Amino acid sequence: MARVVVDVMLKPEILDPQGQAVANALPRLGVDNVSAVRIGKRIEIEFAGDADLEQARQIADKLLANPVIEEFTIRTDADQ
Amino acid sequence: MKIGVVTFPGSLDDGDARRAARYAGAEAVALWHADPDLHGVDAVVLPGGFSYGDYLRCGAIARFSPVMTSIIAAAGAGLPVLGICNGFQVLCEAHLLPGALTRNSHLHFRNRDQRLTITSTSTAWTNGFTEGQDVVVPVKNGEGCFVADEATLDELEAEGRIVARYTGGNPNGSMRDIAAIRNAAGNVVGIMPHPEHAIDLLTGPSVDGLVMFTSVLTSLAGAAA
Numbered sequence: 001m002a003r004v005v006v007d008v009m010l011k012p013e014i015l016d017p018q019g020q021a022v023a024n025a026l027p028r029l030g031v032d033n034v035s036a037v038r039i040g041k042r043i044e045i046e047f048a049g050d051a052d053l054e055q056a057r058q059i060a061d062k063l064l065a066n067p068v069i070e071e072f073t074i075r076t077d078a079d080q
Numbered sequence: 001m002k003i004g005v006v007t008f009p010g011s012l013d014d015g016d017a018r019r020a021a022r023y024a025g026a027e028a029v030a031l032w033h034a035d036p037d038l039h040g041v042d043a044v045v046l047p048g049g050f051s052y053g054d055y056l057r058c059g060a061i062a063r064f065s066p067v068m069t070s071i072i073a074a075a076g077a078g079l080p081v082l083g084i085c086n087g088f089q090v091l092c093e094a095h096l097l098p099g100a101l102t103r104n105s106h107l108h109f110r111n112r113d114q115r116l117t118i119t120s121t122s123t124a125w126t127n128g129f130t131e132g133q134d135v136v137v138p139v140k141n142g143e144g145c146f147v148a149d150e151a152t153l154d155e156l157e158a159e160g161r162i163v164a165r166y167t168g169g170n171p172n173g174s175m176r177d178i179a180a181i182r183n184a185a186g187n188v189v190g191i192m193p194h195p196e197h198a199i200d201l202l203t204g205p206s207v208d209g210l211v212m213f214t215s216v217l218t219s220l221a222g223a224a225a
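These protein sequence lines map, in sequence, to chains A and B. Just so it is clear: in the first sequence, position 37 is 37 by my numbering, and no numbers are missing. Just so it is clear: in the second sequence, position 88 is 88 by my numbering, and no numbers are missing.
In isolation and in its complexed conformation, chain A is listed as follows (with noise of 0.2 Å):
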């Protein structure tokens, strides 16, 4: 088996409003010096055999990221 990791985030123009939420809540924490929180999808793919980057690649682009909203990057994992 062998793994694919893609990460997905939102574009850096795209309103996160769910890191914002996080970063003001870090001054709770006694956190002072984080400027900005964004927060994307980690997701993992297991191929049966041999790891198909641009199987991958067609995955994400299609389905797993939403381009006009979001970006995203594949690597395979090196800890398999």
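Think of the hints as simulated: they come from the structure by calculation, not from any bench. Just so it is clear, the structure is predicted and the values come from calculations on it, not from any experiment. Where a beta carbon is used, it is the ideal one built from N, C-alpha and C, also for glycine. Accuracy of the hints is not assured; some may be wrong.
Claimed, not checked - The list that follows gives simulated cross-link-like pairs (lysine-lysine, DSS-like), each with its CA atoms no further than 30 Å apart:
1. A:Lys-11 x B:Lys-140
2. A:Lys-11 x A:Lys-62
3. A:Lys-41 x A:Lys-11
4. B:Lys-2 x B:Lys-140
5. B:Lys-140 x A:Lys-41
6. B:Lys-140 x A:Lys-62
As the list claims (entries may be wrong) - Computed beta-carbon distance windows for the label pairs:
7. B:Asp-113 x A:Ala-25: 29 to 35 Å
8. B:Ala-221 x A:Asn-24: 51 to 57 Å
9. B:Thr-152 x A:Gln-55: 26 to 32 Å
10. B:Pro-9 x A:Ser-35: 40 to 46 Å
11. A:Ser-35 x B:Thr-218: 19 to 25 Å
Dock chain B against chain A, hints included.
Then chain B, alone, in the frame of chain A:
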């Protein structure tokens, strides 16, 4: 005339949408997400709810359901399609409409009666309104914040494709107060508030929503004549 209403796993407002179709004088036909057969309907409504649990993104998985493959093809050939709330999200994910619906800018779910201004009556679903008319319909969403890049927003404005805007307060942070948009042909409309909940004064704040359902019957009658 037959108006089909799709039921996805997790749809909530399919019953009310079928009821609205019947109130308007149409025959309401229940369509099933796993069945690609549109059963000869003359128009389709994608209802509100949480299709496929809103997993991944709202509408992202519904967009690949068998019934959507048929609807995308039929919409391209002119079939009137109305997406309400989650249905609007499905239409954007299916690229039948531009932009995307994201989490409300204030993070709160909003459920209230909402005033809208109708800004385009040249659609299959809004021809019974007058341009600039204010209506009141319920809004209830957690991810109704319409976003698109500036070029797309400018294009929507220039082509008159913004169908309704929020007035008296924007409930979700939508760019340019957009509540509803249409495709270039005007047969596909997506709206975040719920016209199907405003068809009877016993259960809704107005009967303004019924006009969307009577409009499509007028449009279909005109096309058949």
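Cross-check of the supplied hints:
1. A:Lys-11 x B:Lys-140: The given pair, whose Cα atoms are some 26 Å apart, holds under the 30 Å limit.
2. A:Lys-11 x A:Lys-62: holds, 17 Å
3. A:Lys-41 x A:Lys-11: holds, 13 Å
4. B:Lys-2 x B:Lys-140: With Cα atoms ~27 Å apart, Lys-2 of chain B and Lys-140 of chain B stay inside 30 Å; holds.
5. B:Lys-140 x A:Lys-41: holds, 26 Å
6. B:Lys-140 x A:Lys-62: With a Cα-Cα distance of about 28 Å, the restraint between Lys-140 of chain B and Lys-62 of chain A holds, given a limit of 30 Å.
7. B:Asp-113 x A:Ala-25: 29 to 35 Å: Check passed, 32 Å falls within 29 to 35 Å.
8. B:Ala-221 x A:Asn-24: 51 to 57 Å: holds, 54 Å
9. B:Thr-152 x A:Gln-55: 26 to 32 Å: Given range 26 to 32 Å: holds, Cβ gap about 30 Å.
10. B:Pro-9 x A:Ser-35: 40 to 46 Å: Between Pro-9 of chain B and Ser-35 of chain A, where Cβ atoms are some 41 Å apart, the hint holds.
11. A:Ser-35 x B:Thr-218: 19 to 25 Å: violated, 55 Å
Of the numbered hints listed earlier, the single one contradicted by the structure is hint 11.
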